[in-house]
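> Both chains are given apart, each in its own frame, so use the hints to dock them into the complex.
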Amino acid sequence: METGGIRVNNLHKTFGQGENAVHVIQGASFEVKPGELAALIAPSGAGKSTLLMMIGCVLDPSSGEIWLGDTQVYQNRWLEKDTRTLRREKIGFIFQAHYLIPFLNVLDNVRLLPLANQEPLPQVEARARELLGYLGLEEKLHAMPSDLSGGQNQRVAIARALATRPQIILADEPTAALDIERAHSVVQLLRQIAKEQRVAIIMVTHDERLLSYCDKILKIVAGKVDTLPPPETTETFI
Amino acid sequence: MIHLAYQDIRHTLSKFLVTAMGVGMLLGIVLIMIGVYRGMVDDARILLNDIQADLWIVQQDTLGPFAESSRLHQDTQDTLKSLDGIDKAAALTFQNLQLYNRQQQAIRVLAVGYDPAGDFQPVSPERLIQGRALRAQHYEMVVTDKTGFQLGEQIALGRDTYSVVGVTRGTVSSSGDPLIYISLKDAQNVQFSYSNPRIRSDRARGIGGQQTQLVNTVVATLRPGYTPVAVASEIETWKHFTTYTQSEQATILSRNVIERSSKQIGLFTAILVLVSGIIIGLIIYTMTLEKIKEISIMKLIGIPNRLVIKMIVQETLLLGAIAFVFGNFFAHLIYSQFPKRVVLLWNDSLALFSVILAASFLASLVGVYKVMKADPATAIGG
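Listed in order, the protein sequences are those of chains A and B.
Numbered according to this note's numbering, the first sequence spans residues 1 to 238.
Numbered according to this note's numbering, the second sequence spans residues 1 to 382.
If you are wondering where the hints come from, they were derived from the structure by calculation, not from laboratory data.
Any given hint could turn out to be false.
[Said to hold, decoys possible] Distance condition first, Cα-Cα at most 30 Å in a straight line; then the derived DSS-like pairs of lysine-lysine:
id: 1; chain 1: A; residue 1: Lys140; chain 2: B; residue 2: Lys310
id: 2; chain 1: A; residue 1: Lys140; chain 2: B; residue 2: Lys293
id: 3; chain 1: A; residue 1: Lys140; chain 2: A; residue 2: Lys195
id: 4; chain 1: B; residue 1: Lys310; chain 2: A; residue 2: Lys81
id: 5; chain 1: B; residue 1: Lys293; chain 2: A; residue 2: Lys81
id: 6; chain 1: B; residue 1: Lys146; chain 2: B; residue 2: Lys185
id: 7; chain 1: B; residue 1: Lys15; chain 2: B; residue 2: Lys146
id: 8; chain 1: A; residue 1: Lys195; chain 2: A; residue 2: Lys224
id: 9; chain 1: A; residue 1: Lys33; chain 2: A; residue 2: Lys224
id: 10; chain 1: A; residue 1: Lys81; chain 2: B; residue 2: Lys370
id: 11; chain 1: B; residue 1: Lys373; chain 2: B; residue 2: Lys293
id: 12; chain 1: B; residue 1: Lys15; chain 2: A; residue 2: Lys81
id: 13; chain 1: A; residue 1: Lys140; chain 2: B; residue 2: Lys15
[Unchecked claim] Covered by chain A, per the in silico footprint, the following chain B stretches (three or more residues, Cβ under 8 Å):
id: 14; stretch: 6-19
id: 15; stretch: 291-304
[Unchecked claim] Looking from chain A toward chain B, a few residues come up when the C-beta cut is under 10 Å (computed):
id: 16; residue: Gly56
id: 17; residue: Ala161
id: 18; residue: Arg165
Every residue gets a Cβ at the ideal spot worked out from N, C-alpha and C, and that includes glycine.
Chain B extracted, bound-state conformation (with noise of 0.2 Å):
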């Protein structure tokens, strides 16, 4: 039998390449938004991945420093470490700074703040592609290499200057924001130093020496033999603290800091998704409406619905086909450009695929139903 979409689509050959372009673009800006959505759900993870704790000691009743303010004292890793079941503990700070680069244009930062000597090292050696880890307790500084500072570069920050001594790939917060760890004692004074002013200034006022012992969260790890909820339990009936597992605090990020965002850009996924459908149905109804008079000829001379039908339907699907294809490569070419971290996954890419064929499939019934309403007698008479 006589192919009729084959031929049909050789006669209009670039008409439906660009057709099919056009639509492939619309689901490549899909594919991204869907990766969009993966990145910031991963970029949510990669800190608490690297860090790789047992457990989240933060201030009581706080959901801890990603999603609140928590501070504790210094100190309270110490007295962890004597606690049964606790193997490493380890004080850290967390800060959102502005940096400056050369030509001073502001980068915004969330600076990690550990004990170059402690027992934990949140610089993954798997994502440190320049220099080293922090080993000085003072002015050394790993950045990201999103920040665009240079190994060896001095960055300003609060009254001091330091060194880039590491340069890492892929490591932000859960808003997007690139990190750059310094040490504990470093951050400690950025965070909780006052400037001098604001020092006599309270010093007038009676008000006693500032607090600079202290952090954001102690982080553990637990002795083999010891479950993170018993341990968790333990502490939290000294009553000061509140400890959160690390699947629950993977929770608290994914559902309290991420979860408005997250359902914000899966909603315009879905809307565009819709979009694609609605414009691939539309695209259908003109290509159909393009041929009804020869549909007419071909059902006035007998041309059973079947065949046109197929062709119909097998344009549509092979429409949808083209356009994924392109609208993947499309999205390869172009993710690497946003600013925020993309993540495309062949998972998503399929599952799209299917969306798309059940949309072109669906498309296609307008067609037919063109089809089906096509009248042969208008070929006659002229």
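This is chain A alone, in the form it adopts within the complex (with noise of 0.2 Å):
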């Protein structure tokens, strides 16, 4: 039976306290199985930042459940002492911007969070070197980032994310910085590596032309989140 994928029940975030209270986040609900790539959309401010942040384990949600594959790790607090832990462990991230350690060439950056995992190192190099040839990135590995192009830098972010073998990635607007054309192949690479590496993906996104690549679309409607399918052809969701 395949484990992984992430599901989120009855999911709050209030800020603020009384009168001043906002509540960005109101009941979300919903689930990402391993292998679909997601698409997380709202207009600005809606609560898509503060829903992926929950989800990623980096802030605290007011109430609510959240599971990561068959572990629970949210339920009204965090089940886990350790986040960055759990960060680290089971979740990758993509940005917008590609945000590679910029002092470390490309292998080492894909080497490094299995290697801080204390994983073995004969193991790591392996799986860094797979994952750069299956993105193309083959002849770049001693590269640093600045010496290569956006496009091939966000695809060192992607097998960063992939390095640990994570049960969900989170990508907030992948390709924000790239232009059209770049940002339909990565989204493209983004939805082969959900089936290829069974691993499920939400992605951020305000570019509605980059939607039918996805399997499902959580749309942020009044602090709730609606699942919706992938449409057929270009239409205005947003």
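Put into structure tokens, the structure is as follows:
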């Protein structure tokens, strides 16, 4: 039986108290299974980053439940003491900009996280080389991020996110800094990764032209999350 | 594991080295200041060590020639020689003078007057680099190389002209003035003889003949079996003199003569060390701030704090270590250009290294604080 993915039940987040309380997320529930690519969409200020930070174990929810695979990690409080270890072992992150460590070369950027996880060096090395080969960067192992194009750096960031074999990848507008051609290429790649690596990917995007690559759409409406099917053609969702 | 500090430094090597060089120059100045202090203490003891007396007999109730005006009759040396326990005794004079070189530039010196045929020879053979010590009772001079005078050069002093017969190295007074050596008779003439108009004026006022058989101190060594304290006590029972042992004279020099100057330099050095620590702290703070986005990312993706903190601390300590090496190099490169003696000791360098390591470690805590406070959430949402 396949494990992995993410399940969220009745998640709430409120900033402030009393009259000043702002209820950003109000009972969000959704599921993204391994092998699925989901798009998280909403107008600016609707709570995309807040939701992403909560399911990324960076921000404390006010209440609700979060499951990573078969493991419940949040039930009105974090059930794991060290959320940073949780992030390191179970979640991969991809950002708007690539945010690679500028003083590490491509190979070291990908090796850093599994080595911090105390994984054996030969296995880490093999996995990093395999991922970078898979993403077409086998010629760039020792290049510095400053020597690569935006698209190449974003692929290194994807390799880094995959290096620890996470159950879920959270991609925060990974195509925002790319032109439309490269954006399509990156999202196609994310879809391919989701299918081949059997990982659940949640991608925040403002670009409705990319939604057709996704398996489902998570749309934040009035603090709740509606799960919608992907469009067959380009249409306005946001 | 990937060595983050090494990779970061390698990535910005030139910037790191330039920063370390800047801090190093500051540390070099600190080392020089410590060296000036050491030089001052050493200078104060050169004459004392070269003379190697057991006792210094000076005018009653004075601190002696290095701290106060002291005058004794020259024949005190003969009286002392007859005292039980005294082996050798000699009269000495000390006087600040201004000489002029060929370019008519003024050179301030301390003139030591001694009897070339006497029991004490203050010109240390180890310090004599050219020529010889005094032999004649008149018109010969031994100079320190820092005066710029050459062997055989003729120098006008008082009413007479002197020949340089010897050159020493590293001989200075407690105030850093170069030493010259002249015979006791010449020194007495220079110090105690009046000019002809003054003599005529004194005669017209009924003042008697001038007294030139005066000296500033008499130094003595002891026979075996006699202790300086016991003999000094014996001399003081005469009530006419005050007597100091060699160590007491050294204490007078370090406490009374150079204490304020040395304290001033010591305080200045302490402030410099403090400023260096603050500057290192600011540099580390800035270096950490420059990386705060990367640090937020590292924290977000799950890199443990200890790895990031290790990187900051290692970079700081390495910065301190490289700055220390460069500071030593810089100090040794320039110290000879200073007009006063600068004594650079490895012990002082190592002590400073410990202080800088401690300061660097404390400074790294500033960076560590920034790491701990860095919010991983800032990496999300742009």
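> CA of B:Lys310 to CA of A:Lys81, is that 30 Å or under?
Answer holds: B:Lys310 to A:Lys81 is near 23 Å, not above 30 Å.
> Within a Cα-Cα threshold of 30 Å, do B:Lys293 and A:Lys81 meet the stated pairing?
holds, 25 Å
> Would the pair A:Lys81 and B:Lys370 pass a check requiring their Cα atoms to be no farther apart than 30 Å?
holds, 23 Å
> Is the interface hint for A:Ala161 satisfied, with its Cβ closer than 10 Å to some Cβ of chain B?
Given a least distance of 8 Å, the restraint on A:Ala161 holds.
> Within a Cα-Cα threshold of 30 Å, do B:Lys373 and B:Lys293 meet the stated pairing?
Within the cut-off at roughly 12 Å; holds.
> Holds or violated: B:Lys146 with B:Lys185, Cα cutoff 30 Å?
Holds. B:Lys146 to B:Lys185 sits at ~25 Å (cutoff 30 Å).
> Is the Cα-Cα distance between A:Lys195 and A:Lys224 30 Å or less?
Distance ~27 Å between A:Lys195 and A:Lys224 Cα, so the pair holds.
> CA of A:Lys140 to CA of B:Lys310, is that 30 Å or under?
holds, 28 Å
> Mind checking the alpha carbons of A:Lys140 and B:Lys15 for me, to see if they're no more than 30 Å apart?
holds, 26 Å
> Quickly compare the C-alpha distance for A:Lys140 and B:Lys293 to 30 Å and report which way the hint goes.
holds, 24 Å
> Against the 30 Å threshold, does the CA-CA distance of A:Lys140 and A:Lys195 hold or violate the hint?
Given pair A:Lys140, A:Lys195 holds - Cα atoms ~25 Å apart, limit 30 Å.
> Check whether the Cα positions of B:Lys15 and A:Lys81 lie no farther apart than 30 Å.
violated, 40 Å
Taken one by one, the earlier hints fail for this structure at numbers 7, 12 and 18, listed in ascending order.
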